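Each position in the sequence shown, counted from 1, maps to that position plus 37 in the numbering used here.
Rather than coming from a laboratory, the hints here were simulated on the basis of the structure. It should be emphasised that the depicted structure is a prediction, and the values quoted were computed from it without experimental measurement. Treat the hints loosely; a few may be bogus.
Calculated pairs, DSBU-like style, for lysine-lysine (alpha carbon to alpha carbon, straight line, at most 35 Å) [what the hints assert, rightly or not]:
{"hint": "1", "residue 1": "K51", "residue 2": "K80"}
{"hint": "2", "residue 1": "K169", "residue 2": "K143"}
{"hint": "3", "residue 1": "K143", "residue 2": "K51"}
{"hint": "4", "residue 1": "K143", "residue 2": "K59"}
{"hint": "5", "residue 1": "K62", "residue 2": "K51"}
{"hint": "6", "residue 1": "K80", "residue 2": "K156"}
{"hint": "7", "residue 1": "K143", "residue 2": "K156"}
{"hint": "8", "residue 1": "K80", "residue 2": "K169"}
{"hint": "9", "residue 1": "K156", "residue 2": "K62"}
{"hint": "10", "residue 1": "K156", "residue 2": "K169"}
{"hint": "11", "residue 1": "K59", "residue 2": "K156"}
{"hint": "12", "residue 1": "K62", "residue 2": "K143"}
{"hint": "13", "residue 1": "K51", "residue 2": "K156"}
{"hint": "14", "residue 1": "K169", "residue 2": "K62"}
{"hint": "15", "residue 1": "K59", "residue 2": "K80"}
{"hint": "16", "residue 1": "K80", "residue 2": "K143"}
{"hint": "17", "residue 1": "K62", "residue 2": "K80"}
{"hint": "18", "residue 1": "K59", "residue 2": "K169"}
Pair ranges (Cβ atoms, derived) [unchecked claim]:
{"hint": "19", "residue 1": "E135", "residue 2": "A63", "range": "27 to 37 Å"}
{"hint": "20", "residue 1": "E50", "residue 2": "P114", "range": "18 to 28 Å"}
{"hint": "21", "residue 1": "Q126", "residue 2": "N167", "range": "29 to 39 Å"}
{"hint": "22", "residue 1": "D55", "residue 2": "K169", "range": "30 to 40 Å"}
{"hint": "23", "residue 1": "D140", "residue 2": "S92", "range": "14 to 24 Å"}
{"hint": "24", "residue 1": "R123", "residue 2": "K51", "range": "31 to 41 Å"}
{"hint": "25", "residue 1": "E135", "residue 2": "K51", "range": "31 to 41 Å"}
{"hint": "26", "residue 1": "R68", "residue 2": "V118", "range": "16 to 26 Å"}
Backbone N, C-alpha and C fix where the C-beta goes; we use that ideal spot for every residue, glycine too.
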Amino acid sequence: MQGSGRKNVYVVEKPVRDVLSKLTKAAIENRISFPGLVETLLKNGVQGFSANLISGCNTLYMHDESHHVVSGYRAAPPAPVFRAERVLQSFRLTQNGELNYSDFCKLLAQAGCVEFTIKISARHTSFRGNGKDYTVIWYQGMPA
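The whole structure should be built from the sequences, with the hints applied where relevant.
This is the structure we're talking about:
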């Protein structure tokens, strides 16, 4: 724990931060599949992952309550209308290995998604539009 005037601020150790940054960069550069990224993040103690497609900010949440923020994929401005069916279609294509991470993010933005959060242990991913619109995809078969 590192003091910063706030209570319970946990910092990810540098070797782990380096691995997480390299993994995120590999995903953006399409050198690792999205399912492969999630699996590798899980093996490195990540319990959740949030990506903001507007700011290009990714936050990785660790099992020990620490977190790490890295630069991520910054999409073109998202469509003004959130289309959950297109989000689901993009998610399925990615899970089947038919889309790389960058294309997945592009399609999400085209579907009006501005942010998505993966909760590995809870086995769901939520996708949020600019307004109150959102959708949650629950899935099985993924390790907790």
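Right, here's what the structure says about each hint:
Simply put, K51 and K80 have alpha-carbon atoms about 17 Å apart, close enough for the 35 Å limit, and the pair holds. Note on K169 and K143: the hinted pairing holds, with a Cα-Cα distance of about 21 Å set against a maximum of 35 Å. At roughly 31 Å between alpha-carbon atoms, K143 and K51 fall within 35 Å of each other, so this suggested pair holds. Between K143 and K59 the CA atoms are separated by roughly 21 Å; this keeps the pair inside 35 Å, and the hint holds.
Under the criterion of a C-alpha separation no larger than 35 Å, the hint pairing K62 with K51 is consistent with the structure, at around 16 Å. Simply put, K80 and K156 have alpha-carbon atoms about 14 Å apart, close enough for the 35 Å limit, and the pair holds. In summary, the hint linking K143 to K156 is supported, as the alpha carbons are separated by about 21 Å, within the 35 Å threshold. Straight-line distance between C-alpha atoms of K80 and K169 comes to about 33 Å, which keeps the hinted pair within the 35 Å bound.
Only pairs whose Cα atoms come within 35 Å are accepted, and K156 paired with K62 is accepted, the gap being roughly 20 Å. Using a Cα cut-off of 35 Å, the hinted pair K156 and K169 holds, with the two alpha carbons roughly 20 Å apart. Note on K59 and K156: the hinted pairing holds, with a Cα-Cα distance of about 21 Å set against a maximum of 35 Å. Pair hint K62 plus K143 holds up; C-alpha atoms about 16 Å apart against a cutoff of 35 Å.
For the suggested pair K51 and K156, the alpha carbons sit about 23 Å apart, so the restraint of at most 35 Å is met. With a C-alpha separation of about 30 Å, the suggested pair K169 and K62 falls inside the 35 Å cut-off, and the hint holds. A threshold of 35 Å between alpha carbons decides the hint, and for K59 with K80 the separation of about 14 Å falls inside it, so the pair holds. Only pairs whose Cα atoms come within 35 Å are accepted, and K80 paired with K143 is accepted, the gap being roughly 27 Å.
Taking the CA atoms of K62 and K80, the gap is about 17 Å. The hint holds against a cut of 35 Å. Distance check on the hinted pair: K59 and K169 sit about 33 Å apart at the alpha-carbon level, within 35 Å; holds. E135 and A63 have their C-beta atoms about 19 Å apart, which leaves the hinted 27 to 37 Å range violated. At about 36 Å, the CB distance of E50 to P114 disagrees with the hint of 18 to 28 Å.
Taking the beta carbon of each, Q126 and N167 are about 20 Å apart, not inside 29 to 39 Å as hinted. For the hinted restraint 30 to 40 Å between D55 and K169, the CB-CB distance of approximately 38 Å keeps it satisfied. In this structure the hint that D140 and S92 lie 14 to 24 Å apart at CB holds, the actual value being about 20 Å. Between R123 and K51 the C-beta distance comes to about 39 Å, which sits within the given range of 31 to 41 Å.
For the hinted restraint 31 to 41 Å between E135 and K51, the CB-CB distance of approximately 36 Å keeps it satisfied. Range check, R68 to V118: Cβ separation about 33 Å, and the 16 to 26 Å hint is violated.
Violated hints, listed in ascending order, are 19, 20, 21 and 26; each of the other numbered hints is respected by the structure.
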